[in-house]
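S.K.: The whole structure should be built from the sequences, with the hints applied where relevant.
Going from the sequence shown to the numbering used here is simple: count from 1 and add 1.
These aren't lab readings, by the way, just hints derived from the structure by calculation. It is possible that some hints are incorrect.
What the hints assert, rightly or not - 35 angstroms max Cα-Cα, derived DSBU-like pairs, lysine-lysine:
| id | residue 1 | residue 2 |
| --- | --- | --- |
| 1 | K59 | K45 |
| 2 | K92 | K260 |
| 3 | K100 | K25 |
| 4 | K103 | K227 |
| 5 | K194 | K227 |
| 6 | K194 | K25 |
| 7 | K119 | K103 |
| 8 | K160 | K261 |
| 9 | K260 | K227 |
| 10 | K160 | K45 |
| 11 | K92 | K25 |
These figures come from a predicted structure and were not determined experimentally.
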Amino acid sequence: MAMQKQGKEVDPVRVFAERVRDHKELDTRWAVLQEARVEYFRGKDFIALLRAHPELIKPLGIEAAIADVDLDVGNILIRRRLIVRCDRVSKTPRPGKTKLSKWPARIEIYPEQMFSEKDSFYAWAFERRRPLWQTVLSFFVPVVTLACCLFPIFPHWCKLGVLYFFLAFLTLIFGVLTLRALIFAIFWLALGKRMWFLPNILAEEATMSELFQFMPDSKDDEPSPKWSTRIAFGAVAGLIIWLVLVHGPNEAARARYQKKASNIIDDILTWKPKALSAFTGT
2 MAMQKQGKEV DPVRVFAERV RDHKELDTRW AVLQEARVEY FRGKDFIALL RAHPELIKPL
62 GIEAAIADVD LDVGNILIRR RLIVRCDRVS KTPRPGKTKL SKWPARIEIY PEQMFSEKDS
122 FYAWAFERRR PLWQTVLSFF VPVVTLACCL FPIFPHWCKL GVLYFFLAFL TLIFGVLTLR
182 ALIFAIFWLA LGKRMWFLPN ILAEEATMSE LFQFMPDSKD DEPSPKWSTR IAFGAVAGLI
242 IWLVLVHGPN EAARARYQKK ASNIIDDILT WKPKALSAFT GT
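M.R.: Right, dumping it as structure tokens:
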């Protein structure tokens, strides 16, 4: 039954689905379904969310005290084609693994479209509404593109500001990624634990809150590598670092490289033709 809101019909089932999809406590992942990337969740997580927040069901007009009401709500979403029941494509563990992945990377449509709590996955079958920040960002994309094209005629002070801003930004990005790798290497070599801080920093579909999440959500379920494997990797890493330090450029060579890089930057800022020759080799 549709509700009236400011002269427009509002579908309570669609509103419910959007609220559940946007809820922070519903754990979701992205996978490939029929050559398309889709967002999906597990049936048991959906049930746990509705039992923890029964107020989410109220807009549907369903009494939350009824037994198996969570399954009924799931079947309503399936009948309205807001979700699709799926199954993992690979039914066997990957080579070297003893368990199936909790979140498969490839899924397929399950023949029986009935909601179930046990070992089931459900993909959202509707497009999420675009948030305001994406609309604003789409407006600024052509503006930034035009500004990049006009960079050669910027004032010198503006060019310097743009240059140092992006240098600082790139330094921050590579610094964070390097620090993550070092912390992971220390934990892996010393304890055999796979500990990634900022686990979603490279995720394509993460929200802003998920992107800057510092600690990982779940523990590492994979067996720890053998101590001999860790020692071998540590020895190889130590050898590479030693070779870089011993055979790296000396102080005079570093000074020459720094001067050449500084000259290239100056040529680019003044837009001299010879600046291009530094990249083309002519």
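S.K.: State for each hint whether it applies.
M.R.: Comparing the hints with the structure gives:
The suggested pairing of K59 with K45 holds, with an alpha-carbon distance near 20 angstroms, which does not exceed 35 angstroms. Annotation: proposed proximity of K92 to K260 is violated, straight-line Cα distance about 58 angstroms (limit 35 angstroms). In summary, the hint linking K100 to K25 is supported, as the alpha carbons are separated by about 27 angstroms, within the 35 angstroms threshold. With a C-alpha separation of about 24 angstroms, the suggested pair K103 and K227 falls inside the 35 angstroms cut-off, and the hint holds.
Proposed proximity of K194 and K227 is supported: the alpha carbons are some 11 angstroms apart, at most 35 angstroms. For the proposed pair K194 and K25, the alpha carbon gap of about 27 angstroms is at most 35 angstroms, so the pair holds. The hinted pair formed by K119 and K103 meets the criterion: a straight-line CA distance of about 13 angstroms does not exceed 35 angstroms. A distance of roughly 19 angstroms separates the Cα atoms of K160 and K261; the hinted pair therefore holds under the 35 angstroms criterion.
Straight-line distance between C-alpha atoms of K260 and K227 comes to about 47 angstroms, which puts the hinted pair past the 35 angstroms bound. Distance hint between K160 and K45 is unfulfilled; the C-alpha atoms sit about 54 angstroms from each other, more than 35 angstroms. For the hint pairing K92 with K25, the CA-to-CA distance comes to about 29 angstroms; that is within 35 angstroms, so the pair holds.
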